[in-house]
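Visitor: So the chains spell out like this:
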Amino acid sequence: MESPSLSSIQAQLQACHSKEDTFRTLVTLSKTLPRLSNDEKADEHKIKGCESAVWLIIEHNHTDFPQFKADSDAKLMRGVLAAILSLVNGKSTTEIQAMDLSSLMSSLNLGSYLTSSRTNGVLAILDKISCR
Amino acid sequence: MESPSLSSIQAQLQACHSKEDTFRTLVTLSKTLPRLSNDEKADEHKIKGCESAVWLIIEHNHTDFPQFKADSDAKLMRGVLAAILSLVNGKSTTEIQAMDLSSLMSSLNLGSYLTSSRTNGVLAILDKISCR
Amino acid sequence: MFDPYSIRQEFPILQQPAYEHELTYLDNAATTQKPSRVLERILGYYQTANANVHRGAHFLSDRATSQFEQARQTVERFIHAPENGQVIWTKGTTEAINTVAYGIEHLIDPDDEILISSLEHHANLVPWQQLSFRTGARLRIIPFTSDGKWQAEYANYFSDRTKIVACTQVSNAIGVQLPIKEVIQHAKNVGAMTLIDGAQAIAHYPVSVSELDCDFYVFSGHKMYGPTGIGVLYGKTDALESLLPCQTGGEMVLHVTYQATEFNILPYRLEAGTPNIEGALGLAAACDFLQQHDQEAVLKWEQSLAEKAYSILENTTDIEIFSPKKHSTLISLSVKNTHIMDLNGYLDSKGIAVRGGSHCAHPLMAQLGVSGTLRASFACYNTMEEAEHFANTLLEAIELLQED
Amino acid sequence: MFDPYSIRQEFPILQQPAYEHELTYLDNAATTQKPSRVLERILGYYQTANANVHRGAHFLSDRATSQFEQARQTVERFIHAPENGQVIWTKGTTEAINTVAYGIEHLIDPDDEILISSLEHHANLVPWQQLSFRTGARLRIIPFTSDGKWQAEYANYFSDRTKIVACTQVSNAIGVQLPIKEVIQHAKNVGAMTLIDGAQAIAHYPVSVSELDCDFYVFSGHKMYGPTGIGVLYGKTDALESLLPCQTGGEMVLHVTYQATEFNILPYRLEAGTPNIEGALGLAAACDFLQQHDQEAVLKWEQSLAEKAYSILENTTDIEIFSPKKHSTLISLSVKNTHIMDLNGYLDSKGIAVRGGSHCAHPLMAQLGVSGTLRASFACYNTMEEAEHFANTLLEAIELLQED
Ligand SMILES: Cc1ncc(COP(=O)(O)O)c(C=O)c1O
Ligand SMILES: Cc1ncc(COP(=O)(O)O)c(C=O)c1O
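Residue numbers (our numbering), protein chains in the order written: chain A, 27 to 158; chain B, 27 to 158; chain C, 27 to 430; chain D, 27 to 430.
Hints in this document: simulated from the structure, not taken from any laboratory. The reader is advised that the hints may include incorrect statements.
Unchecked claim - Sample of chain D residues at the chain B side, in silico, Cβ under 8 Å:
1) Asp29
2) Ile33
3) His365
4) Ser375
5) Gly398
Said to hold, decoys possible - Where chain D lies over chain B, by a calculated footprint (3+ residues, C-beta under 8 Å):
6) 42-49
7) 59-67
Quick caveat: nothing in here was measured; it's all calculated off a predicted structure. Idealized CB from N, CA, C, for every residue including glycine.
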């Protein structure tokens with residue numbers, strides 16, 4: 027399945043008017059996130075502090091445009107990861123460093139899937155993504 | 027000055043209808059308590075945990091009727107000591123051991139001069155007096 | 027039958043919606059809600075009595091001190107402490123356990139052994155582990171089965187090297203009761219000290235520390251309808267006296283010079299600094315709340331809720347239930363091929379609050395062979411409808427999440 | 027001029043009588059009263075948001091967690107912490123100091139030196155003394171005069187052996203401010219760590235930890251219009267990271283096996299167990315309360331109250347005043363041939379709450395040559411009439427008690 031664009035993800039999440047809508051949308055989004063291979067799910071790529079397992083890989087490939095890949099064993103988290111990656115994939119390191127990721131995240135209407143930061147470890151993910 | 031009797035002390039304290047009355051009565055009572063000599067105010071007779079210094083001596087004199095003497099550097103405490111000693115002086119060890127000192131104390135209408143137990147160390151005094 | 031509806035009136039928080047649903051609060055093993063009288067006690071304290079306790083000599087400090095010490099006596103009576111002054115106020119269970127683990131360090135030799143069960147919360151594990159690291163003593167784990175049975179001959183574990191045995195009364199992760207009376211007896215036979223973690227028991231079971239005859243018993247206010255930030259370390263007088271204070275400062279001293287400090291008598295010796303006065307009063311009010319109801323009937327009710335959820339779910343393929351069907355006040359389970367946090371998220375979206383995860387018990391999760399469980403835990407204010415609603419919604423969630 | 031009468035409206039407790047008198051509460055250095063908004067914050071939390079924080083994933087736990095972490099940020103902003111996560115919740119000042127004194131033990135050598143001032147509260151003395159006993163390091167006392175001047179050449183005290191300097195910002199016993207900026211500078215010159223005890227400063231003075239540039243700054247909620255049972259350990263990130271956690275258990279771990287425990291990141295690493303959530307929220311509300319008023323004007327007012335009492339009393343034979351006439355928010359004194367506790371008792375019988383005693387500062391009392399002092403300490407809600415009433419009633423008490 028092709029990765030949906032940021033604007034499409036934004037539109038889908040914005041259209042959610044209840045926690046149940048958001049839940050279903052994230053589950054749907056989770057299906058768009060390509061799976062990592064078992065090799066890629068190595069401990070070194072694991073993000074600490076999440077209740078679900080999260081792996082995040084940043085490939086630089088000698089370009090200025092890092093490639094982000096992520097996976098989780100939980101669907102909700104895969105949905106959240108799909109949303110996060112849509113914010114940064116295709117952007118240059120300089121662009122990403124200039125982004126205010128956490129306020130961009132808030133604009134995604136993910137509600138409490140972001141506030142309980144220690145539960146889902148989203149903060150740790152953003153930290154790693156922000157390339158600083 | 028002669029030590030007033032328990033019943034006179036009880037009457038005086040019972041007649042107090044305000045904290046100020048009790049204050050003045052205790053100051054008056056303090057004058058009835060004989061001073062200890064400097065020798066008697068030895069560290070071994072000092073009660074721990076009082077904000078004012080309190081010394082308490084129990085003389086057994088080979089009789090079954092212990093003699094209690096006490097002093098303090100604070101007048102309020104001397105008044106309280108006069109009241110306490112009136113409860114036990116002249117009584118035999120057996121009688122004293124059978125007394126429920128803390129409820130007897132409560133009956134003296136001393137109010138909060140007893141409740142803030144750690145401030146004036148009354149509990150520690152009663153403990154030592156109760157001869158157990 | 028017991029009537030939870032009248033009790034609910036005392037809990038204003040349960041009357042509010044969660045999103046567009048009614049709130050179904052089934053996360054009581056994490057923390058309970060507080061009845062109005064606990065809140066009124068805190069409020070009343072601040073509106074009529076607040077002062078620093080003990081050292082003052084004025085109208086308010088007399089009031090505050092006597093209310094504070096009465097609260098201690100209320101708790102002492104609540105757990106049937108044999109003497110006054112055996113309840114030490116702590117921040118919670120965790121601080122109480124740490125106070126003991128630090129306080130007995132000076133008594134521990136490198137060839138001593140420290141025993142805990144395999145069902146412990148991290149709070150009753152990590153402090154002992156760190157103590158064993160500091161002293162060289164060996165930390166040994168008594169392997170209990172998940173239904174609370176001795177897995178091995180206890181004689182293999184208890185010996186004259188055993189210095190202290192720390193064991194939970196009820197597992198927070200899987201709700202099972204451990205045979206603490208036996209544990210305490212075995213410990214006594216070898217002359218070891220005992221600490222019982224009552225965090226999960228105190229809201230449900232009548233507790234008598236004099237009957238148990240353990241050296242230490244610990245629990246948190248917030249899990250028994252009381253406030254956060256307050257808990258209890260009960261100890262036998264000589265056991266408490268053997269502890270080196272882990273915190274020093276005001277209140278816990280009698281006399282201080284630059285060269286030496288003389289510590290105060292119990293219970294103050296183990297209570298450095300200004301205590302959590304409102305917390306102590308709130309906890310005492312929570313004891314009153316618990317005692318005002320028929321504790322036996324409440325317990326039966328809570329167990330019947332867990333059993334109801336159990337019977338709805340037990341025959342579903344893919345569901346594995348770790349908590350006992352009977353005599354548990356919670357249900358704890360996992361679902362094959364479905365992530366706990368996804369189930370948790372779906373239930374939440376329907377206003378149902380449960381807890382998914384490892385419940386601060388990583389080694390127990392490893393023993394069970396799961397990374398976490400989903401736990402619904404019941405309190406006196408939960409209704410049969412809520413238990414059913416939880417179970418049925420969980421079935422819905424499984425269907426939805428296993429769709430593809 | 028500043029108007030305390032409108033502020034008094036926020037403090038219901040001040041409206042009640044003490045015995046048959048109006049209550050005159052001048053024991054604010056022991057603990058302050060709480061404005062309604064602090065009580066409403068606690069109540070509101072329990073009525074709409076209560077849940078255990080961090081690990082949960084449901085409606086209430088999201089609310090509780092975000093309110094709890096917002097409270098942390100409120101306090102961080104209040105003291106101008108340079109980064110987020112530098113405020114650690116503790117039970118109070120005492121626990122905060124103990125956390126540091128325990129946490130740096132692994133960094134202390136027997137030939138190191140620990141410096142404190144001669145004006146410390148036991149809370150900022152006994153933990154360092156006990157640390158020196160445990161490590162063999164030398165505890166050295168910088169002798170300050172009672173008006174806050176260096177008594178000796180500082181060079182005699184600060185050296186490359188100095189490991190940590192712990193100093194109070196304001197003396198609780200005699201109200202004097204210490205030159206903490208200089209103390210911190212001298213400490214930095216020799217590479218020593220610094221801890222400032224802000225317990226008596228935080229309710230009166232604007233505090234910027236980034237300007238002070240100390241390693242640690244500690245204070246209690248209950249002395250700044252907040253609840254009991256909550257306080258703050260602020261630390262620079264690397265300073266906090268150097269601390270070994272003195273309590274272990276839930277919340278402060280990332281992963282636990284029987285063999286090893288991986289600790290969590292800051293601030294959680296130093297916050298074992300369920301925190302005092304209501305306390306944190308109440309403390310944040312107290313910061314809001316303080317910031318809503320003109321802090322400069324409040325301070326001037328409080329100082330003018332102390333100065334008024336000072337000028338009424340200063341020319342009385344037998345009275346010795348230990349606090350400064352200006353720039354103090356309290357007055358601390360003794361009376362020749364008259365016991366502090368008797369004066370205290372008389373004032374109390376008139377409804378005036380002050381504190382008599384050694385103020386948890388035995389060595390300072392020895393330095394002053396008294397066994398205790400009588401202290402009236404002022405807060406934003408005290409009036410000029412109260413300051414005068416205190417001073418005049420004290421004169422009455424002296425007359426009465428010196429009668430014979
Ligand atoms: C200067 C100072 N430091 C420390 C403390 C101890 O504070 P707490 O009892 O709140 O821990 C106090 C309180 O009396 C104080 O005045
Ligand atoms: C069995 C058990 N022990 C200890 C604790 C720790 O309690 P607290 O976080 O209140 O200190 C808990 C709480 O989750 C528990 O369930």
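Visitor: Now, for every hint given, state plainly whether the structure supports it.
Guide: Here's how the hints hold up against the structure:
The interface hint given for Asp29 of chain D is violated, since its Cβ lies 31 Å from the closest Cβ of chain B, which is over the 8 Å cut-off. Given the 8 Å rule on beta carbons, the hint for Ile33 of chain D is violated: about 28 Å separates it from the nearest Cβ of chain B. Nearest Cβ of chain B to the Cβ of His365 of chain D: about 4 Å, under the 8 Å cut. The hint holds. Here the hint on Ser375 of chain D is kept, as its CB sits about 4 Å from the closest CB of chain B, short of 8 Å.
For the restraint placing Gly398 of chain D at the interface with chain B, the shortest Cβ-Cβ distance is roughly 7 Å, inside the 8 Å limit, so the hint holds. With a cut-off of 8 Å between beta carbons, the stretch 42-49 of chain B has 5 residues touching chain D; three or more are needed, and the interface restraint holds. Counting residues of the stretch 59-67 of chain B whose beta carbon lies closer than 8 Å to any beta carbon of chain D gives 0, which falls below the threshold of three, so the coverage claim is violated.
Checked against the numbered hints given earlier, this structure breaks hints 1, 2, 7; the rest are met.
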